[in-house]
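A.B. asks: So you can see what is in the structure, the chains are spelled out below.
Protein chains: 2
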Amino acid sequence: MTLYRLDASIRVEGSHSRALADIVEEEWNAGRPDDTVVNRHVGVDPVPATAWPLAVQSLMAPADEERTLEQLDAVALAAHEVDLLLSADAALFAVPLYNFGVSQHFKAWVDLVITDPRMAGEAPATAGTPAVLAVVRGGFYGPGSPREGWDYATGWMQRILSEVWKFDLAVVEEEFTLVGVNPALDEFKDMAVELRAKAAQNARERGRSLVGRTA
Amino acid sequence: MTLYRLDASIRVEGSHSRALADIVEEEWNAGRPDDTVVNRHVGVDPVPATAWPLAVQSLMAPADEERTLEQLDAVALAAHEVDLLLSADAALFAVPLYNFGVSQHFKAWVDLVITDPRMAGEAPATAGTPAVLAVVRGGFYGPGSPREGWDYATGWMQRILSEVWKFDLAVVEEEFTLVGVNPALDEFKDMAVELRAKAAQNARERGRSLVGRTA
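These protein sequence lines are chains A and B, in that order. Residue numbering for the first sequence follows our numbering, starting at 1 and increasing by one per position. Residue numbering for the second sequence follows our numbering, starting at 1 and increasing by one per position.
It cannot be assumed that every hint is accurate.
Claimed, not checked - Covered by chain A, according to a simulated footprint, are these stretches of chain B (three or more residues, beta-carbon under 8 Å):
id: 1; stretch: 43–50
id: 2; stretch: 90–101
id: 3; stretch: 109–118
id: 4; stretch: 155–165
What the hints contain is simulated information worked out from the structure, not anything from laboratory work. It should be emphasised that the depicted structure is a prediction, and the values quoted were computed from it without experimental measurement. Glycine included, C-beta positions come from ideal geometry on N, C-alpha and C.
All chains should be modelled from the sequences, with the hints used to inform the complete structure.
C.D. replies: Laid out in structure tokens, this is it:
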């Protein structure tokens, strides 16, 4: 069995979303020591900004119209991304919140992937595949906080993964990862430690359950 | 006076967001016949996917650490985008909903622009600038509809433009633009005609008010 892991952090060192996903992956590796992990770092090696529009142009053009080489390349890239995703039995998406919204690189990847016929429509090839989405937010967005309602990414990612692509999805969230980085947040140090421990525990449980769900 | 206009549609022909923004621009030109419009087509000429991470790396590096040429180019690109935006007295953003979320190209542009010191922090250079956001959705997302709650872009764009960048913002929305394109929606033809007429009327009023607000 294979785990597909996508990271959308633009950082390699010090990335909290990677650290959270690492815990899930540890549990996967503990439960499936002979299996492999397919990595896709869309934050470091992003899909080009032109790929999705070109793939859409190819889709929308009449059947008898010749495609440009650029369009064919974009369609091939979409197919390659989908091949990687579908090569696995389970999936792990580690995506930070950036500027209160979705990672531009994760959105670019989703837009491109959804152009492939296997991932569009009512019966996507990922239907029923167990998956974990690990979301990390620098601030705190809980009820009553000044940022309540400012997370426009998590809900969208859940819709796409769970309702459009029909993954069997579990979500792990961590907040306040900017505590310790931004001195203005120093008063929340204890709370951040607690939130991180809780997120790590959840990630561990989700990782174990991911193994169980592919049994 | 100058109007800055950003289009995020990946189409040039047949784009509903462009058509809606054209109405706003017509009113601008009628009210200010001797003024110019600065155009930025981020859906057709997108910011590279690597620009924002490079600009962030440059920002985050210690002051005495040397920047790479790539990082310096990304910082210069951010500054160029902000120069264009700030060269105008009013702004018009025409952004379609794509896959229930924000345009990847608009998000990439926002991420990059926000790295510039003039657009970050509590006193962004656009504070008080009159602006119109024209949003177009292919489906219908109204209360009670199957897609209620599926628009994850408009709320985010309003937050960024109105609350983060403090534009004096008006919003024009059009829905059901896929009626006439997707045969499954043919039963909604009359409703779509009505929605379009209403959106056009709103766009005309917002365009006039944009002229008035820069008087």
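A.B. asks: It remains to establish, for every hint, whether it holds in the given structure.
C.D. replies: Cross-check of the supplied hints:
1. Closer than 8 Å: that is the beta-carbon criterion, and the stretch 43–50 of chain B has 7 residues meeting it against chain A, so the requirement of 3 holds.
2. Evaluation of the coverage hint for the stretch 90–101 of chain B: fulfilled, as 4 residues show C-beta separations to chain A shorter than 8 Å, against a requirement of three.
3. Only residues whose C-beta sits within less than 8 Å of a C-beta in chain A count toward coverage, and the stretch 109–118 of chain B has 3 of them, enough to reach three; the restraint holds.
4. Coverage of the stretch 155–165 of chain B by chain A holds in this model, with 5 residues showing a Cβ closer than 8 Å to a Cβ of that chain against a need of three.
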